[in-house]
Structure formats: structure tokens, C-alpha cells
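These protein sequence lines are chains C and A, in that order.
Taking the working numbering, the leading residue of the first sequence gets 38, the next gets one more, and so forth.
Taking the working numbering, the leading residue of the second sequence gets 803, the next gets one more, and so forth.
Just so you know, these hints were derived from the structure itself, not from any lab.
Glycine included, each C-beta is placed from N, C-alpha and C at the ideal position.
Incorrect hints may appear among the rest.
Claimed, not checked - Cβ pair distances, simulated, as ranges:
(1) ASP1179(A) - GLU176(C): 55 to 63 Å
(2) SER1131(A) - TYR54(C): 20 to 28 Å
(3) THR1108(A) - ARG168(C): 32 to 40 Å
(4) VAL1124(A) - ASP222(C): 54 to 62 Å
(5) TYR820(A) - ARG122(C): 32 to 40 Å
(6) GLY74(C) - GLY1220(A): 53 to 61 Å
(7) GLN1104(A) - ARG168(C): 50 to 58 Å
(8) TYR820(A) - GLU173(C): 53 to 61 Å
(9) GLY1148(A) - GLY74(C): 30 to 38 Å
(10) GLY1148(A) - VAL163(C): 20 to 28 Å
(11) SER53(C) - VAL1124(A): 32 to 40 Å
(12) GLY66(C) - VAL1124(A): 57 to 65 Å
As the list claims (entries may be wrong) - 27 Å max Cα-Cα, derived DSSO-like pairs, lysine-lysine:
(13) LYS187(C) - LYS892(A)
(14) LYS849(A) - LYS210(C)
(15) LYS892(A) - LYS1075(A)
(16) LYS1001(A) - LYS965(A)
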Amino acid sequence: MSKDEFIIEAQGIYKSYRMGAAEVRVLKGADIAVRRGEFVAIVGASGSGKSTLLHILGALDKPDKGVVRFEERDLDGMSGREMNRYRNKTVGFVFQFYHLLDELSVLENVILPAMVPVGVIRWLSVRGCVRRRGRELLEAVGLGERAAHKPYQLSGGERQRAAIARALVNEPKLLLADEPTGNLDSATGNGILELLERLNRAGQTIVMVTHDERVARRAGRIITLADGRIK
Amino acid sequence: MYKLILALRYLYRRRVSYFALAAVALCVFIVVVVMTVMTGLVSDFKKGNHNFTGDCVVGTESLVGFPYYEDFGRILERVDFVEGVSPVIKSYALVNAGGSQQGGGVEIIGIDPVRHSRATGFGQALHYHRGDASKTFEPMGDANLAGCVVGVDLWLERSSKGKHYYDPNPAATAISVTCFPLTAKGALAKAGTDLVNTKTFYFSDCSQSGLARVDGSTVYLPFEDAQALCGMSGPVSRVSWIHIKFKPNVKLEEGCRQVRLLWAKFCEQMRGKDNAEILAQVSVQSWKEHRREFIAAMEKEQTMLTVMFGLVGLTTVFIVFVVFYMIVSHKTKDIGILKSVGASGGDVVAVFLGFAAMLGVAGSAVGVAGGMWFLRDINALEGWLFERFGFQLWDRTIYAIGEIPHRMDLTMVLVVVGCAVLVCIIGAFLPSVRAAQARPVETLQVSQL
């Protein structure tokens, strides 16, 4: 397989945190490479550094050492503006705890990434188009009737589906999901996984972090993280 | 657009915002009310001084006065920027009213009432002869008697509501005025035992200038009589001041500058004449300069109040700072979410500063509306408090204040609102910057939920 087919790759990633006086070394030279269109699950025990690695791939955090390349472009060489654009357009995040804004309606939450780079004047011209796209996504995840609701009016599964719709609104090349079913019962979690599988079948590249082997088996490839390295 | 939406939602969905809004509203309310009342009082006081003085005065504080005023008055009446000219005698005298043996010291002002009304607001300050200054010194009982106008607070008691009760048919009460006449050199004009000039006048009117000091210590006399009493009449007669009113389109500073030029030229022409050396003591002043010692005191009080309310504003900055610190602390998750979808640190600052600006605008709107409502009824409220509890903001038997000023100045309101918004933005700035610097990965931790 050609190297060009890797949509994202990370090499020799080191990351440590300070916890009081102690330094906790989370990642100790982790390497990962994901091909375009792949559905990869990263598994590992709690505290193995799965989420940290995902955050580094999504530019929510920076490694102490190591290189992350997205389509051959080194994330470390990106300016602040390019990094914001990367988080806004290139990747979409799905978090374990949904992370929807309580002040916004479900539809507003979904279209939030589309609103971020647009000024007030331009928003007036693209508003209709963006809202239509938001409604389509909500229909696709089965929340068509819940657009005007507030997040606290939704169940856990519905919130996660809304979070997935938000992650997809800018048509990102890479979807990063951090324990997307970790806070849901098995039936609801299964529905979310089916949704992710459907998206992957449609061509969406997905990297999912989970500690649950059964969930991981739904992905096309499983990568195990242990003691800060990929096994 | 999302910044606007989020800022607006934070404003009306966070209960703690209402505390900050209330603090801003209260502060704006207090500042607007106090500044309106204080500015109104200062403005009324300045207006009273302007009316009393005219636009410009030429003269001297010396009791001797200065000569050749008629010549200079004619020059002034010929120039196109002058509307009215009034020579005035000003001195001090003892008065005995209604045959009383006990006299009191007063300031006497000798005027030609018609000329003085053209140069100042004197005609409008009269009670019985308002609008017809020609008969100012004609007592109502007998027009042939020599009349005098007495400062209203010298003549009538002020009621607890600040009103004077005028007799519709006032008696021509005799008022004896005694002066020490002075020569042009400043010596007593009369030697021997008969040092003073005394003349009896009869009450013809009251003058209410709105200036407590003037209304409580001034008696106006006919010009020629005052001049004779003070020893200023004679071959080279003298006056204390010339009051001048400029035409409406003439700027005060420019008018005064022109008068100074005319006066300098006039002094040159008069050089060598009898008593011309006195002219060197004469100054040309605008009404603001002439009444500076009185106006400055009021303006100083206003400045002190402004400084005090500046400190109140600082307290508001602190309140807003605390509220925003709390809000930002509770909104770290939102900050992480915004950053995870590509918002920059500047965008996060903009959300919170937008929130602060909206808080400032909303708080100011409430404060200004409350201030308008309060000021509209402030006099009725004070009247009610006085009737029920005997409380008055100013004791009207002492202070020459009628109504409490209640007209808001739009410029002042806009400045206060602008300052309130700025104060909110300053208060929110540090917490906003702190929020912008937060790393998204930290704010999205499970422990932050």
C-alpha cells in the first residue's frame, strides 16, 4: 500500500502530564497510521492514553515529541489559524459526554461548526443553506423532529446522535470518536455504532477510541494501546 | 453570528447575569439621577449669573469706579456686535426699612432699568414690573416717589416650599439708604461730622435673580440717585461697571476680545485727561470670568461628585469582574467545545466581551429608564416626602432652589451609557482572556463536567 493513502499518521508520539509533583508519562512513542476510508478502533485499558492520542490527532492537544501528519502536512508546522481551520473543517469530534452547548437548540448545535468561520454578513447569505444541511443531517440520524429542542430535553442516545450530526456538518475528512458509546446503554450504543458503520460504508474515515472489545470489533481494524505504545 | 447568539443566550439564560445587570442598572440609575440634578443646578446657577451680569462687563471692583464711561458707552453702542449697554453704580450702604432704627448692610446697584434690562435679565427678575422696566422705580401707591427694588430674600420670607408670597398691593414702604461718598482718589468726599449721604426711597418692586447671595443682599436704586449717594456724580462722573450684551450671533470670547481692543484704544485716547489714571484699574471680563468665584465653587462640587461616581464605577467593574469570573469558570466546557469546532481564542474573547457589552447596554437601558421615571416624578416625590415626613433634599427656607432639576441631558446620558458599557467590557476582559487561553483538552475532561 502506498504511503500516500494514509490520511493521517502519527510517529513517535510522547506525551506526559504533571499531576501535582509527579509527572505521568501517558504516551511513550506511539505510532499510528490510518488509511482513507478506514474505520479504526483504538482500544486499551483505562489510562492507557487512548483519548490523549485521539486529542493529538485532532489537534486538541500537542505532543511533547513526535510528528503528526495529515495528508502529508505536519500539524506542528501549522499556524494558529490553520490549526483552527483544521479542527473546524478537516476533523469532526464525537465525545463520550456529547459536549453540546446547553444554550443552543439541537439544530444550532449541529450547525455550530458551520457558523464558526462565517461572519455576520456572510451568515445572512449562507444561513438558509447551512440550516438545510443541519436539518438533513438531523433527519439522517433520526432527530428530524427534535431540531428545536434543547440538549437537556434529549435522551443520551439522541444527544450522541446530535453530536455526530454536528461532527459531520462541515463534511470532515476524518471523524474522531472518543468512547462514543461509553455513556449509553447497549441498545442505544448499538444504534450509534450502526450509524458510524453506515457513515464508514459511505466513505467516511473514522478513528474511534473505546475500552470495550465488543464495540471495537465493529471497526474494520483494531489498534491496541498499552503502556503508551501501539502493540 | 454564533458569538452574537451565544452572548445573547448567556445574558438571558444565566441567572447570575441578572445580578451583574442589576449592579450596572443601579449604578447607571444613580449616576443619571445625581448628574441630572447636579448638572441642572449648576446650569441654573450659571444661567442666573449670566442673566445677572449680561455677556461682558467693563469696570473695577474699586468703590471709586472709573470716569468717561459715557464716552466709552457711546463707542459700544455704535459697534454692530453690541445689543445693550448699561452703566452701573455698585457700592455698599446701610438701609433702614419702615422707620426702623436698626440698619443693615446691603449692596446697592444703581441702574437705568430700561438700559439694564437690555443688557441683562434684570427686567425678567422683577415681580410687579416684569416686562415694563420703564416703571421699575415707580412705587405702586405713588408713582412720583423715588422707588427702589429690593432683593426678594431681603424683603419677603421664603416658605418651606421655597415660594415667596407677594402682596398684590404692596405698600410704598420707606427705605432709607445711607452711603459713604468717595472722591476719585478714594478719600471720603465729605469732611467734618456730616460724612454720609442719606436718601429715602420707597419700595417699588422685588428682584428675584435666582442667586441667593444677590437676592439676599441687594437693593437696586435709580442710577442718578445711586451715583449721587456714592459721590460718583460731578463734572467727571464715574460708574463701577458697564454691563454689555452682545448680539445673538456673537460668540462670547470673540465679543469680549473686541471689547478689550476697543477699551485699550479708548484708554489711549483718554490719556492725560482728569482722573484718566483710574482707567488702568479697569478690566474687561466675560460674565464667566466676572462671576468665576461663585461658579467655580459649584463646578468644584460637580467635579467632586463626578470623581465619587467614578469610584462607584470602579465598584461596578469589580462586580462585573466577579460575575464574569464565575460565569467563565462555569463555562469552561463551552470554551472547550467552541475550540474543538475551530473557534479561536479571539472568538472566545469576542463571545464573552459581546456578552459583557450586551450586559452593559441592557443594564444601562434599565438604569436610564428607571432614572427617567424617577426624575419625572422627583419633585412630586419630594413634595410627598415633605408633607408626610418633613423631609426635603434642600431646605427651601435657606436655599434659593425652586424645583429640583429633572431634565436629562442627552449627551450626559450617552456618556454614562458609553462608560457603563466600557466598564462592563473592562470587568469582563481578564476573565475572557483567561477563557481564551484555556486548552480545549483540559476543559473537556470528564472532571470538568
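Which numbered hints fail: Structure breaks hints 3, 4, 8, 12, 13, 14 and 16.
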